[in-house]
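2 protein chains.
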Amino acid sequence: MEVLETVEAIRSLVRAARSQGKRIGLVPTMGALHIGHLSLIEAAIKECDFVVVSIFVNPTQFGAGEDFEKYPRTFDADLEICRKAGVDAVFAPTTKQMYGCENFTWVKVEKLTESLCGQSRPTHFRGVTTVCAKLFNIVASDVAFFGQKDGQQAIVIKRMVADLNMPLEIVVCPTIRQPDGLAVSSRNKYLTEQQKKDATLIYKSLQKCQQMIESGVKNAQQIIAQMRRILQQVPSIKIEYISIVDAETLQTVDQLSGKILAAVAVRIGPARLIDNILLDVPK
Amino acid sequence: MEVLETVEAIRSLVRAARSQGKRIGLVPTMGALHIGHLSLIEAAIKECDFVVVSIFVNPTQFGAGEDFEKYPRTFDADLEICRKAGVDAVFAPTTKQMYGCENFTWVKVEKLTESLCGQSRPTHFRGVTTVCAKLFNIVASDVAFFGQKDGQQAIVIKRMVADLNMPLEIVVCPTIRQPDGLAVSSRNKYLTEQQKKDATLIYKSLQKCQQMIESGVKNAQQIIAQMRRILQQVPSIKIEYISIVDAETLQTVDQLSGKILAAVAVRIGPARLIDNILLDVPK
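The listed protein sequences correspond, in order, to chains A and B. Heads up, the first sequence is in this note's numbering, so the first residue is 45 and it goes up one at a time. Heads up, the second sequence is in this note's numbering, so the first residue is 45 and it goes up one at a time.
Everything labelled a hint here was simulated from the structure, so no lab data went into it. Any given hint could turn out to be false.
Here are the simulated EDC-like cross-link-like pairs (lysine to aspartate or glutamate), alpha carbons at most 16 Å apart as the crow flies [stated by the list, open to error]:
id	chain 1	residue 1	chain 2	residue 2
1	B	K248	B	E213
2	A	K155	B	E146
3	A	K262	A	D290
4	B	K152	A	E154
Some chain A residues close to chain B (C-beta under 10 Å, calculated; not the full set) [what the hints assert, rightly or not]:
id	residue
5	R55
6	M142
7	Y143
8	V153
9	E154
10	T157
11	G171
12	T173
13	V187
14	A206
15	C217
Output of the computed footprint for chain A on chain B, the stretches with three or more beta carbons under 8 Å from beta carbons of chain A [unchecked claim]:
id	segment
16	148-160
17	168-181
Built from N, CA and C at the ideal position, the CB exists for glycine as well.
Whole structure, please, built from the sequences with the hints as guidance.
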């Protein structure tokens, strides 16, 4: 497995793989790899002939006062996970390599980035789409893999790729959960044992949403009220949002119908946690 | 010469050319081709093995009240020029093909787009960079050719390509002028004979700038005052700006030194005309 730091090095390696007719897969990550990332890597290995994992804690997607400084960095363990999984190359650039002295150019997806996490993180998605545009241009993969756990991110990136005619396919893989339902996230490391237990209510609230829809409830506010009751069972959870939105436009819906995204963001102790489920509501 | 309307068709044609090891060149245009465009096409043919000219009057780079509707459209003559020049393919998409139902995604280059033409055309460069990002992704050329006549545009696009690591080279070709100095532009068609004569003062003002710098003047305001006197010789010219800026940052400079861009925008009758020269001022 090659570990490369420069744009030139990864480009030249991928070019060689492509000239052998290999299908190139990219798994963009911020490191701190866990079984969620591993599921993306495994999907990439299954579908592609040459798999690149990028590891870059992207400063432009963190807002002022967010956790950029303390975001977990576990580079040696990350490399070990990649090596064992059979990754071909890790691209781990420095911030200087990625952004030079000063970045003037931003890729912005309007509308889809205004709701849900965009409300409390107004510059977050601009950072995500810009760094992904850069990574897609650098690695020139045929396909890139993202997790459903960051559901809004996946929808935003798919839209960017479609709108800008980027020549790659986006594959979104299912959220990986602990046996107790908690979505696996690098930020779970911020939690105490008690907080981890409390955090399982997030997925319980989403399961409640699914049950209510399956039992025929179509009124979004009625469902959200029940989800809120679940999350309010413990004082450690501060709800940021509970939203049920159209899965394509991310606009709120009152009467549920068709493909919807139920999404939750909460703060527990020092962590901001998100989770979501995609549902298809019979019309 | 192939004339193609869909993204799929041009992609597949370029893919075939690339698989033969050909170097791909792109000349993005809005049609209404003239000898300025022809010089770009000739540069592309000289440097590349397979040349694509795109013809697309891009609505997103026109502001409200600008000349999108009446912008000259001379498609058959454009094709004839391309054919005679030896172009391999013309990509002429519809607006629907380029933007679908609704475009959410914008590529924005900050700072460089705020001065000069950006002041009176606040959404113009966002439209230019977005459509160029799309064209670069669609055609996947190794190199794209732009004219120095749109000097700020060339600098903005180069910056976008560098910031987003787009895998192509940008070549900027010299401004083509009539024997009387007037920069060739599709918008010259809007002018009467008298207005065309008046418009030659634009380049005269830029030549004055060059002469003053060559004679040792370094004070920008002193030069701009003389340029203004020239442009004010005829009442038909309404000056929008006369600027002398750093050629990389596009920030105004008081004492000239190093690479600078002297740029003028005026209105004459129904036309808005721009012109510029690049100069290297001894330190």
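Now the hints, each set against the structure:
no., hint, result
1, K248(B) with E213(B), "32 Å, violated"
2, K155(A) with E146(B), "11 Å, holds"
3, K262(A) with D290(A), "13 Å, holds"
4, K152(B) with E154(A), "12 Å, holds"
5, R55, "7 Å, holds"
6, M142, "9 Å, holds"
7, Y143, "8 Å, holds"
8, V153, "5 Å, holds"
9, E154, "5 Å, holds"
10, T157, "9 Å, holds"
11, G171, "13 Å, violated"
12, T173, "8 Å, holds"
13, V187, "15 Å, violated"
14, A206, "8 Å, holds"
15, C217, "23 Å, violated"
16, 148-160, "holds (count 9)"
17, 168-181, "holds (count 5)"
When each numbered hint is compared with the structure, violations occur for hints 1, 11, 13 and 15.
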